[in-house]
Structure formats: structure tokens, C-alpha cells
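**Student:** Here's the letter readout for the chains.
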Amino acid sequence: MRFSLKKSPSHFSILPEIIAILLAFFIGALILLFSGYSPLVAFSALFRGAFGSRNAWGQTLTQATPILFTALAFLLTFRAGIFNIGVEGQFLMGAMASALAGIYFSGLPAPLHIALSLFLGGAMGALWGLIPALLKVYLGAHEVITTMMMSYIASYLTSYMVNYPFKAPGWVAQTEPVAKTALLPKILPPTQLSLSFIISLFLSLLVSFFLFHTYLGFQIRAVGLNPGVAENRGIEIKNRQILAFLLSGFIAGIGGGGEILGVHGRFVDGFSPGYGWDGIAVSLVGKLHPGGCVLASILFGMLRAGGMTMTRVTKVPLDLSLIIQSLVIILVSAPYFIKVVILRKKDF
Amino acid sequence: MEIGTLFNLSILQATIRMATPLTFAALGGMFCERAGVINIGLEGIMLNSAFWAVFAAYFSGSSGVGFLAGVLSGMALGAVLAIFTVKYYADQIVIGTGINIFGLGFSAFMCQKIWGSRGASGAVAGLPSLSIPLLNKIPYLGPLLNNHSILVYLSFLAFIFSHYLLFHTPWGLRLRAVGENPQSADTAGINVHLYKIVFVILGSTLAGLGGVFLSLAHLNFFAWGMTNGRGFIALAAMIFGKWTPVGCFLASLLFGFADALQMRIQTLGILPPQIILLLPYLITILVLAGLVGRATPPSDYKPYIKK
Numbered sequence: 411m412r413f414s415l416k417k418s419p420s421h422f423s424i425l426p427e428i429i430a431i432l433l434a435f436f437i438g439a440l441i442l443l444f445s446g447y448s449p450l451v452a453f454s455a456l457f458r459g460a461f462g463s464r465n466a467w468g469q470t471l472t473q474a475t476p477i478l479f480t481a482l483a484f485l486l487t488f489r490a491g492i493f494n495i496g497v498e499g500q501f502l503m504g505a506m507a508s509a510l511a512g513i514y515f516s517g518l519p520a521p522l523h524i525a526l527s528l529f530l531g532g533a534m535g536a537l538w539g540l541i542p543a544l545l546k547v548y549l550g551a552h553e554v555i556t557t558m559m560m561s562y563i564a565s566y567l568t569s570y571m572v573n574y575p576f577k578a579p580g581w582v583a584q585t586e587p588v589a590k591t592a593l594l595p596k597i598l599p600p601t602q603l604s605l606s607f608i609i610s611l612f613l614s615l616l617v618s619f620f621l622f623h624t625y626l627g628f629q630i631r632a633v634g635l636n637p638g639v640a641e642n643r644g645i646e647i648k649n650r651q652i653l654a655f656l657l658s659g660f661i662a663g664i665g666g667g668g669e670i671l672g673v674h675g676r677f678v679d680g681f682s683p684g685y686g687w688d689g690i691a692v693s694l695v696g697k698l699h700p701g702g703c704v705l706a707s708i709l710f711g712m713l714r715a716g717g718m719t720m721t722r723v724t725k726v727p728l729d730l731s732l733i734i735q736s737l738v739i740i741l742v743s744a745p746y747f748i749k750v751v752i753l754r755k756k757d758f
Numbered sequence: 068m069e070i071g072t073l074f075n076l077s078i079l080q081a082t083i084r085m086a087t088p089l090t091f092a093a094l095g096g097m098f099c100e101r102a103g104v105i106n107i108g109l110e111g112i113m114l115n116s117a118f119w120a121v122f123a124a125y126f127s128g129s130s131g132v133g134f135l136a137g138v139l140s141g142m143a144l145g146a147v148l149a150i151f152t153v154k155y156y157a158d159q160i161v162i163g164t165g166i167n168i169f170g171l172g173f174s175a176f177m178c179q180k181i182w183g184s185r186g187a188s189g190a191v192a193g194l195p196s197l198s199i200p201l202l203n204k205i206p207y208l209g210p211l212l213n214n215h216s217i218l219v220y221l222s223f224l225a226f227i228f229s230h231y232l233l234f235h236t237p238w239g240l241r242l243r244a245v246g247e248n249p250q251s252a253d254t255a256g257i258n259v260h261l262y263k264i265v266f267v268i269l270g271s272t273l274a275g276l277g278g279v280f281l282s283l284a285h286l287n288f289f290a291w292g293m294t295n296g297r298g299f300i301a302l303a304a305m306i307f308g309k310w311t312p313v314g315c316f317l318a319s320l321l322f323g324f325a326d327a328l329q330m331r332i333q334t335l336g337i338l339p340p341q342i343i344l345l346l347p348y349l350i351t352i353l354v355l356a357g358l359v360g361r362a363t364p365p366s367d368y369k370p371y372i373k374k
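Residue numbers (this note's numbering), protein chains in the order written: chain F, 411 to 758; chain U, 68 to 374.
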């Protein structure tokens, strides 16, 4: 059997993706029409809120940042043939570790404090990813179920931590603020956009380089594409899958940390509206390529940031953004559907 | 604290109630997997059915109409899952994730639009409870099994029906063949795609009934995200039950008991609620790691491409 891995998908066309996104907005418009809203008014408010001004851009990119981290995390495991749908859990655990490091370490110079806090966030995320990795590799437990369960555990565990042992005085379930030396600099004041965004872009490049230009990355992709052939070629499948899980958890954890140190300044209960789940979708919409993930995360950031403006201005429920997201996910994952039904192609 | 305050008749009754949505959804998930499709979207399907059941009951004034709406909603989302994954080879887990997000977003959107709050709908009349005169005469078992919602008994029937269908009818035999070895099933003249589509829709409809139970029997209104992870717990129950109806039913009772216990401990205030709430998930991981370590699904979840 020939063993070849192309550097990019053989027919790199984004036409089906674009059609899927347009179709999702179209169905969203129909839902708006049927429930008595004007799609034109709602969507124009959404786009204005997402791209209409410097601040709007700042909000969109702020929302895109955590999603880009989680998308890269999901991407890494997916390339190794693993469905790590527990990115949300790794993200939350990383956020908690970074928050605690930001609060309890003191006397460090700012760059060091930030780096240490982010690193601990990444390490915690990696640890959270290691558990399902070991369960899969050594006990054969299906990672879809275990990572999902780990996500729920992380969500309740972090909620417990900010409600009991690490709760700051007051009504809100949140930790104390992190030290000033642990805060990531804002890069587009007055918006919340922080250095975390730059880190996420840098990580996209790094992941791309790792997957497509290093031997280890090649091995990970080989395991994902055809474990049988990879094994014949002497690649240690188990090791590579564990490595993918660790890297994935690490990236998700940094993402969580970046969100705490860059935006909230402390761990607030329920601060993630499901960034980990968004990441799965963004990864797929981005055709499982880091570059595609950057673009797709901006699309999802737009839906979140613009959605808030839309709700404020037009009273259309914010959940419209969720509906459109889900439609994008469903339609993008069915390129054959788009090709056959919409583009009328016979062969696929 | 006395153990008697934790374990008494009422917690066993609660177990039966809390097992009902899990039984429906686990059986539903099982039919999908037997057809070779993993149904991650159980949660969203349940939530959507819960919403539509309340929607229809609210505007028609009849819980029967609500029940029908819940069934139809389950069928509709099942059809989406079936057609996209079977006919257009879309990834099952991705479509399932999409369905979950859709269920959450759509139900909240509509709830906000109709009742002005995305948190909860208006109240509706629930489905009736069933009182079986003869059952009352039996000590212990009578009070335990009697006077539940009609859906509780329907879940028992669904369990028996599923077992009979899967293991004692030609359709069940063919379904198992389709999941385990689509190639040979095709060679034997079975319409593989049709079987997959029909049983994914059937399974999703069952899951929808689980949602209807939550909104028309457990509570008599729709609440935001009211499935609260039960679709995922049902998946775990299905795996724990090794993809058989008997197993699904027993595992659902076990997890239903955990749920009932969790609610009881919460009212007693012995432990922080978050710790209790994460226990079912922790148990599921332990179960997956230990008791059913090498759980082998009845299919490889690959789409069947007809040559």
C-alpha cells in the first residue's frame, strides 16, 4: 500500500463552505420571518455590531480568540483520529489553574507571572486531556463519551471551586482578582481585546508548522488517516495519540488562561458560554486547517459579538446566533449535501 | 443522619420517574447505534421535543396534542440526522453536536419570543397519571409502581417492545445485520440505507418521548436547558447496558436512582450541589474505565457507501 500524505486537501475549494454559511443565514432569516421579526433589520444590526466600528471589530476578535484556541485544540486531536469533544473541560480547567496562579503567586515581574500562569493553565488542560487519552489507549473507552463526561465534571468542579473554597466575598460566584502582574495587556483599548488574540494567531502558525512541516506532525496525521498503515510503518500509535491529546489539552488550557488573564481578570462562574463547543464547529468549518480556523473563528466571533448588539437594538433573542451556528455546523459538515442538492453535481 | 431519611419509598418512586427519560433516550440511542449511527444529538432532540410538547399543549389546551408534537419533533430531528449521515455521509458526531446546539438555541429563541423569557415557559396541563386499581392491592410493589405518569408505563412498554423487535422479529435481525456488517446485509438483499434511516428516526422519536416526559410529566412547563445533560447520561446508560434493551433499561434505572439520590441529598444540604451534580458523570467514567472497559459498539459507525 502506498503511503502518501498531501500537505493540503487535494481539492481545496471553499465553495461548499461559503454556500453552507449563506444557507444557514437564509434559514435563520426564514425563522426570523416566521416569528415576526425583520431579517433585514436583525442582520444589519448583527453586522454593524460585529464590524461597524473599531470597537465592534475589537469585540468580534475578543469573542473569536477563545474559540480559535479551542478550535486548534480540537483540530490537533482530530488530525490524530481522535474526537476530543471535551475541549470545553480542558479550557475551563486551564482557566481555573491560570486564575489561581494569577492570584496566589506574587512578587514576580509581569512577563514572568503571565508566562507562568498561562503555562500552568496549559499544563492543567493537558492533564485533563491526559485522562481520556489513557482511558482510550489502555482501556479502550470511547473518547467521545469520556471527554464529554470530563467536560461536565470540569464545569461542575470549577463551579464548586468558585462557589466554595476560592470564592471572593460578595454575591457573585467568582475568585479574587488576579494580581496586576498577571494581567495580559489590552491591545485595542477601550475594547477587551488582549494579547491573548496575538498568542492565538501565533499558535495557529505554530500548529500549522508542526502538523505539516515536522516529522512528529506527519506521524500524528498518519495515525489519523490510516492507523493500520501507520503501525506497519513503525509509528507508535498509542504514543502519538496521547501526545495529540496532551497538546490539544495544553492549547485549550492556554486559551482558558488567556480568557481569564486577558478579559475577566478573575474566574467568574459560567464565564464560558460554550467556547469549547464552538471550537469543534469552527475547526470543521475551517476545514481542519489552522488557517481556516482563523477565518471561521472570526465568523463565530462575529455571531457572538454582533448577536449582542442585535439583541440590544432589535430585541431579537440572542439565541438566533446559536441557531445560525448550529445550522452552519450541520450544513458545513455535509459537503455532499451541498454538492448534490444545491450545486446539482452528479458525482461526489 | 439516619439512612432511613435517604432510602425510603419516595426515593424509589423518584428513581422510577427519573429513569423514564433515560430509558426512552437510551433505547433511542441504542436503535440508532444498532443501525450504525452514533446519536450524540439525543440531548438536543429531547430538549426540542420538550419544547414543542409544551408549545402545542399551551396553544391547544390539550396535553395529548402536546405529546403528538413532541413525537413529531423527535421524528423531524431524527430525519435530519438520518438523511444527512446516511444519505450524504456527513459526520455523525458533528451533525449530533449541531443538533444539540440547535435544540438549545431554538427552544430558548422560541421561549423568549412566546413567553417573553428564555428561562421558562407558561404552565400547561401535564399528561395524566395512571392509577391501576389491582396494583394497589400488592404490598410494596403497588405503591411503588402505581400512580405514575402514563409516560412511565409507556417507557416500560417501549423497553419490552424494543427487546421483542430487536431479538424476536426478522426486522430486528436485519437491523442487527445492517449495523454489524452492512456489506453482507446488502448482499443478502436488505435495503441498508432504508433500514438505517428508519431506525435512526425511530430511535430519535423515542428520545423525543424522553423530552416530552420532562416537560409534560416531570415539570408542567418548559425550562431553559431542562434536559440538563440527560441525553449524555442516556448515551452512557446505553453503553453501560451494552447496547441491549434489557441493559439500557437496567442502566437507566441505576442512573435514575443516582439522579433521585442527588436531588434528595441536595434538599438535605449535606454536600455542595456541584459535587453531587458531577457524580453521575464521574460514575460514568469509572464505569467506562472499569466495568465495561472493552465495550465494543455494534457497528463501526462508518457510512455505508453502496457500490
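Where hints are given, some of them may not hold.
In silico SDA-like cross-links for lysine to any residue, where the CA-CA straight-line distance does not exceed 25 Å [to be verified]:
1) Lys596(F) x Asp679(F)
2) Lys180(U) x Gly684(F)
3) Lys154(U) x Leu615(F)
4) Lys725(F) x Lys180(U)
5) Lys373(U) x Val265(U)
6) Lys309(U) x Ala325(U)
7) Lys749(F) x Tyr155(U)
8) Lys309(U) x Gly550(F)
9) Lys755(F) x Lys373(U)
Read the hints as simulated data drawn from the structure, not as lab findings.
**Student:** Would the hint linking Lys309(U) and Gly550(F) be met if the CA-CA limit is 25 Å?
**Tutor:** holds, 14 Å
**Student:** Given the hint that Lys725(F) pairs with Lys180(U), does the C-alpha gap stay at or below 25 Å?
**Tutor:** holds, 9 Å
**Student:** Decide if the proposed pair is consistent with the structure: Lys755(F) and Lys373(U), CA atoms, cutoff 25 Å inclusive.
**Tutor:** Holds - the C-alpha atoms of Lys373(U) and Lys755(F) are around 18 Å apart, at most 25 Å.
**Student:** Taking 25 Å as the top limit, are the C-alpha atoms of Lys749(F) and Tyr155(U) close enough?
**Tutor:** holds, 10 Å
**Student:** Does Ala325(U) sit within 25 Å of Lys309(U), going by the straight-line distance between their CA atoms?
**Tutor:** holds, 19 Å
**Student:** Straight-line Cα separation of Lys596(F) and Asp679(F) no greater than 25 Å?
**Tutor:** holds, 23 Å
**Student:** Does Val265(U) lie within 25 Å of Lys373(U) when you go C-alpha to C-alpha?
**Tutor:** Holds, at roughly 17 Å.
**Student:** Does the alpha-carbon distance linking Lys154(U) and Leu615(F) stay inside the 25 Å limit?
**Tutor:** violated, 36 Å
**Student:** Has the given pair, Lys180(U) with Gly684(F), been kept, meaning a C-alpha gap of at most 25 Å?
**Tutor:** holds, 23 Å
Hint 3 from the earlier list is the only one contradicted by this structure; the remaining hints agree with it.
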